[in-house]
Amino acid sequence: MSSEYDVTETLDVKGLSCPMPIVKTKQAIDDLEEGAVLEVVATDSGSVSDVQGWAEGTDGVTLLEQVEGEDRYTHYVEKTA
Amino acid sequence: MSTDNHPASAGETDPAELQALRERVEDLEASLADLEDDGEKKMTIVATKGTLDMAYPPLILGSTAAAFGWDVVVFHTFWGLDILHEEKSRELKLSAVGNPSMPMPNAVAALPGMDAMATKMMEKKIDANGTATVEELIDLSLETGVDLQACQMTVELMEYDEDDFYDGVTTGVGAATALQHMAESDVQLLV
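From first to last, the protein sequence lines are chains V and U. Per this note's numbering: the first sequence ends with 127, consecutive numbering throughout. Per this note's numbering: the second sequence ends with 192, consecutive numbering throughout.
A hint or two may mislead.
Only pairs whose alpha carbons sit at most 16 Å apart, straight line, appear in this in silico EDC-like list of lysine to aspartate or glutamate [said to hold, decoys possible]:
hint	chain 1	residue 1	chain 2	residue 2
1	V	Lys-125	V	Glu-102
2	V	Lys-70	V	Asp-58
3	U	Lys-94	U	Asp-54
4	U	Lys-42	V	Glu-102
5	V	Lys-70	U	Asp-140
6	V	Lys-60	V	Asp-105
7	V	Lys-60	V	Glu-116
8	U	Lys-121	U	Asp-54
9	U	Lys-42	V	Asp-105
10	V	Lys-70	U	Glu-144
11	V	Lys-125	V	Asp-77
12	V	Lys-70	U	Glu-137
13	V	Lys-60	U	Asp-128
14	V	Lys-125	V	Glu-111
15	U	Lys-126	U	Asp-72
16	V	Lys-70	V	Glu-55
Label-pair distances were calculated between CB atoms; the ranges are [claimed, not checked]:
hint	chain 1	residue 1	chain 2	residue 2	range
17	V	Glu-79	U	Gly-146	16 to 24 Å
18	U	Gly-40	V	Gln-98	15 to 23 Å
19	V	Leu-78	U	Val-98	43 to 51 Å
Every beta carbon over 10 Å from chain U, so not counted as near; a handful from chain V, in silico [what the hints assert, rightly or not]:
hint	residue
20	Val-53
21	Thr-89
22	Ser-95
23	Glu-111
24	Arg-118
Hint data in this document are derived by calculation from the structure and do not stem from the laboratory. Beta carbons: idealized from backbone N, C-alpha and C, even for Gly.
Please take these sequences and the hints and turn them into a complete structure.
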């Protein structure tokens with residue numbers, strides 16, 4: 047599925063499980079500029095709830111969308127500050 | 002009736018009392034500002050166990066909390082020190098005995114070699130599941146700013162050397178340091 051967002055960077059965390067998708071997402075976001083959109087591609091089904099929780103509990107990020115495919119979970123996170 | 006009609010009431014206020022009130026307001030405003038600045042969450046975990054299964058929860062929660070931007074301290078004491086011990090951390094074992102989830106009775110689990118077998122099985126599962134190793138999680142924790150502390154008293158008790166631990170581990174700390182961080186923490190856990 048193609049995204050409607052202007053993706054700045056894609057982070058591949060396929061095959062990694064908790065807590066790696068979150069920790070790597072955080073590290074990738076830290077390296078981006080304000081306004082950038084990070085696409086996170088994961089295979090860990092727990093990442094759906096975890097990315098939501100992380101985005102809600104973290105200042106300066108907004109979860110734009112989560113796309114659930116077959117064994118594939120793609121998250122779009124914007125760096126807002 | 003408006004207070005403007007009573008100009009005398011302001012004049013009657015004792016200047017010393019007024020000054021004391023002003024100072025009090027200033028103090029309160031200052032302490033309020035301190036509270037507002039301290040928006041960062043804190044977590045303290047005390048890690049006391051050195052088995053493979055017990056090494057994971059503090060490392061996973063610690064590194065995840067760091068991803069939330071929290072100020073995290075993991076205080077390692079007794080067998081928890083083995084998690085920080087460069088050599089021992091790579092050889093952490095799973096105990097086959099006393100674990101009702103093991104697919105064998107305790108009498109069998111107590112036989113020689115059973116802990117090693119259980120450990121090998123778990124390591125295979127960890128690898129197949131894409132779960133990070135203890136070493137990877139330690140590197141990640143240190144990289145993301147988690148303060149991994151080694152309790153000085155137990156370092157000496159276990160006859161470990163500071164050089165045995167991973168670079169970046171905080172040594173020379175005791176219960177008072179841990180308590181101080183705990184008192185300021187939003188989350189405190191004993192593992």
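Results of checking the hints against the structure:
1. V:Lys-125 x V:Glu-102: Distance ~13 Å between Lys-125 (chain V) and Glu-102 (chain V) Cα, so the pair holds.
2. V:Lys-70 x V:Asp-58: Between Lys-70 (chain V) and Asp-58 (chain V) the Cα gap is close to 9 Å, so the pair holds against 16 Å.
3. U:Lys-94 x U:Asp-54: Holds - the C-alpha atoms of Asp-54 (chain U) and Lys-94 (chain U) are around 8 Å apart, at most 16 Å.
4. U:Lys-42 x V:Glu-102: Answer holds: Lys-42 (chain U) to Glu-102 (chain V) is near 14 Å, not above 16 Å.
5. V:Lys-70 x U:Asp-140: holds (13 Å)
6. V:Lys-60 x V:Asp-105: violated (25 Å)
7. V:Lys-60 x V:Glu-116: Within the cut-off at roughly 13 Å; holds.
8. U:Lys-121 x U:Asp-54: holds (12 Å)
9. U:Lys-42 x V:Asp-105: holds (12 Å)
10. V:Lys-70 x U:Glu-144: holds (11 Å)
11. V:Lys-125 x V:Asp-77: holds (10 Å)
12. V:Lys-70 x U:Glu-137: holds (13 Å)
13. V:Lys-60 x U:Asp-128: holds (14 Å)
14. V:Lys-125 x V:Glu-111: The given pair, whose Cα atoms are some 13 Å apart, holds under the 16 Å limit.
15. U:Lys-126 x U:Asp-72: violated (31 Å)
16. V:Lys-70 x V:Glu-55: Holds. Lys-70 (chain V) to Glu-55 (chain V) sits at ~13 Å (cutoff 16 Å).
17. V:Glu-79 x U:Gly-146: 16 to 24 Å: Once the Cβ atoms are compared, 21 Å apart, the range 16 to 24 Å for Gly-146 (chain U) and Glu-79 (chain V) holds.
18. U:Gly-40 x V:Gln-98: 15 to 23 Å: holds (21 Å)
19. V:Leu-78 x U:Val-98: 43 to 51 Å: Check passed, 49 Å falls within 43 to 51 Å.
20. Val-53: holds (21 Å)
21. Thr-89: violated (8 Å)
22. Ser-95: Non-interface label stands for Ser-95 (chain V): nearest chain U Cβ at 12 Å, farther than 10 Å.
23. Glu-111: Answer for Glu-111 (chain V): holds, closest chain U Cβ roughly 20 Å.
24. Arg-118: Correct as stated: the minimum Cβ-Cβ distance to chain U is 14 Å, above 10 Å.
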